[in-house]
Amino acid sequence: MCYFLAKRRLEIIGVNSLIQREGEPLHVSKGLILFHSDLKVSSIDGGAMRILGHTKQSVKGKLLSDLLNKDALNILLKYTYSVIQEGIFVQHEMKLFENPDQWVNVIIYPIDANHFSMLFLDINKQKETEAALYRQTEKLNVLNDSAAMLTSIKNPKELLDSLFHKLSQVLDLDIYINYSWDKEQNRLVLTNHHGICNEELETFMYLEKGTAVCGTVAQNKRRMVFEHLDGRGDKILDLIRLLGVKSYVCEPLLSFGELVGTISFGSKKRSTFTSEELDLIHSICHQVTIVLDRMTKVDELTQNTETLEVANLHLKENERKLRLMIEKNEVERESKTKTNFLAMISHELRTPLNSIIGYSQVLESDQKDPLTDKQKSRLAKILSSSRHLLQLINNILELIRIDTNPETIKTNVKPIRIKDAVWDSLHAVSNNAKEKGISLYIEKDVEDITIEIDPIRFQQVMVNLLNNAIKYNKKNGTVTLYWRVDGRYLAIFVKDTGIGIPQSHHDNIFEPFYRVNHAIPGVEGTGIGLTLVKQNVLEMKGTVGVSSIEGTGSTFWVKVPI
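Taking the numbering used here, the leading residue of the sequence shown gets 1, the next gets one more, and so forth.
There's no promise every hint is true.
Claimed, not checked - Here are the simulated distance ranges between beta carbons:
{"#": "1", "residue 1": "T274", "residue 2": "K297", "range": "28 to 36 Å"}
{"#": "2", "residue 1": "P455", "residue 2": "T337", "range": "33 to 41 Å"}
{"#": "3", "residue 1": "L313", "residue 2": "E511", "range": "28 to 36 Å"}
{"#": "4", "residue 1": "L397", "residue 2": "L315", "range": "42 to 50 Å"}
{"#": "5", "residue 1": "T272", "residue 2": "Q91", "range": "29 to 37 Å"}
{"#": "6", "residue 1": "T307", "residue 2": "V170", "range": "41 to 49 Å"}
{"#": "7", "residue 1": "P415", "residue 2": "E364", "range": "31 to 39 Å"}
Said to hold, decoys possible - For lysine-lysine, the following DSSO-like pairs were computed, each having C-alpha atoms within a straight-line distance of at most 27 Å:
{"#": "8", "residue 1": "K376", "residue 2": "K471"}
{"#": "9", "residue 1": "K436", "residue 2": "K495"}
{"#": "10", "residue 1": "K166", "residue 2": "K268"}
{"#": "11", "residue 1": "K434", "residue 2": "K381"}
For the record, the hints were derived by calculation from the structure and aren't laboratory data.
Glycine included, each C-beta is placed from N, C-alpha and C at the ideal position.
Whole structure, please, built from the sequences with the hints as guidance.
Printed below as a string of structure tokens:
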């Protein structure tokens, strides 16, 4: 009667709905136990005996607690007492046994105040389905995460470390080893890894084809899986056993059939891989191959691009040098043409000019037929202009000589008294200074020093500096000379009270034919006087320079070694 009531009670509380999904009945084994409020078993069907592992004789007169194992008893007694005391309906899923697993859905409910039932539903197949679904979901998650990593991470080491971290969480892995195939060395080279200690790193660094697991995989281009390594003595596993793994899988990395490298995974905790896990590893390795191959090609392309950029820069630099060389040759050719023309004209002018000066001097000194005062004045102007022109021609020829034949320059060094040389230079320009109303001075208390120097070049320097100071001086201005011993050098200064030189022109005034654009109107000049000064000073192994403030005058200085 109680058994009938229990079955009827099941229908009332809708237990059938617990073992159905979307209207389709599941093939679920079930068993029923009836017991009193004192937990004494009154009835048990065959299904319950099978699930609990008992026979009808072994359960007769037993308590409910005698039928359950310790782990199940602790859980189910708590729910049973709640049903007895409160008259409620309780459902609980649990693993009743392990090895093999026995999953059940336990339903405890009252029949009346003194009678109760416990229904066991065998849900092993349901749990297996759920586990398979979970594994498939995990695989899809890993593949999805891997795809995201493969597209976002550009560094191979970072990529493989991230993938290994993800796989190790799902597959309980401890190591990974990535070899790249080096075509030049014709062997595998360790590229990335995790789980190899520094002491063993050198042992794993290189592998020949056909050696150890990865070398054999590289040679055969086929995956190899090893399980229960702690019970195997294969020589091929000697290297891997150093890592203490129990299971190991190695995949070849192939790009269009060509070996790129290998990647392998190992676990120290588990001895086997499931087929689904091996499929997951294979799928990820296939994706890794594509990405690593792409990274390699991108690196090669980047290197080739950089090489081309460097070559292009070199080409542009060579083109620039060639263009400069062509321009330089053109400038030199034009300069040589100008120089030759100037030399020819200067020589052609100097011959008749010397005749003019000579005849003028004859007329000036002719006592038999003396000139009138008016004629003498005119003749003096002719001589002055002729001598000025001759000096200009001589300067041009000197500049041409220095510029075109520097190797022919010779110096005639001899001891000279600076004071005497300076006085000679002042005398040479005195008439010019007198005509301009310029006063010439030598500063008092200058040292009377004797140095070894080329006297001709020294006088050319001084005369040109003095003429320059006179030419660009103000009316009734002054020119002052002084010198100082500065270590191993003699410094000579020519100071004027002229118009000065703007700072922006200081670097250019020693260049040939350069003239400051604000020079005094009506003052003629060729722009070669200071150039000759610089050339002569350089020939004497000295230096020349200027300090000037526009409107207040200039001071040119020359330093020559003592």
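Hint-by-hint comparison with the structure:
Separation of T274 from K297 is about 35 Å and conforms to the stated range, judged on CB atoms against 28 to 36 Å. Restraint check, P455 to T337: a C-beta distance of roughly 35 Å satisfies the suggested window 33 to 41 Å. Under the hint 28 to 36 Å, the C-beta atoms of L313 and E511, about 33 Å apart, fit the expected range. The hinted window of 42 to 50 Å between L397 and L315 holds, with their beta carbons roughly 45 Å apart.
The supplied range of 29 to 37 Å is met by T272 and Q91, whose beta-carbon atoms lie about 35 Å from each other. Restraint check, T307 to V170: a C-beta distance of roughly 43 Å satisfies the suggested window 41 to 49 Å. Checked against the given bound of 31 to 39 Å, the beta carbons of P415 and E364, roughly 37 Å apart, stay inside it. Between K376 and K471 the CA atoms are separated by roughly 25 Å; this keeps the pair inside 27 Å, and the hint holds.
As the CA atoms of K436 and K495 are separated by approximately 16 Å, the hinted pair is consistent with the 27 Å bound. Note on K166 and K268: the hinted pairing holds, with a Cα-Cα distance of about 17 Å set against a maximum of 27 Å. Under the criterion of a C-alpha separation no larger than 27 Å, the hint pairing K434 with K381 is consistent with the structure, at around 15 Å.
Of the numbered hints stated above, none is contradicted by the structure.
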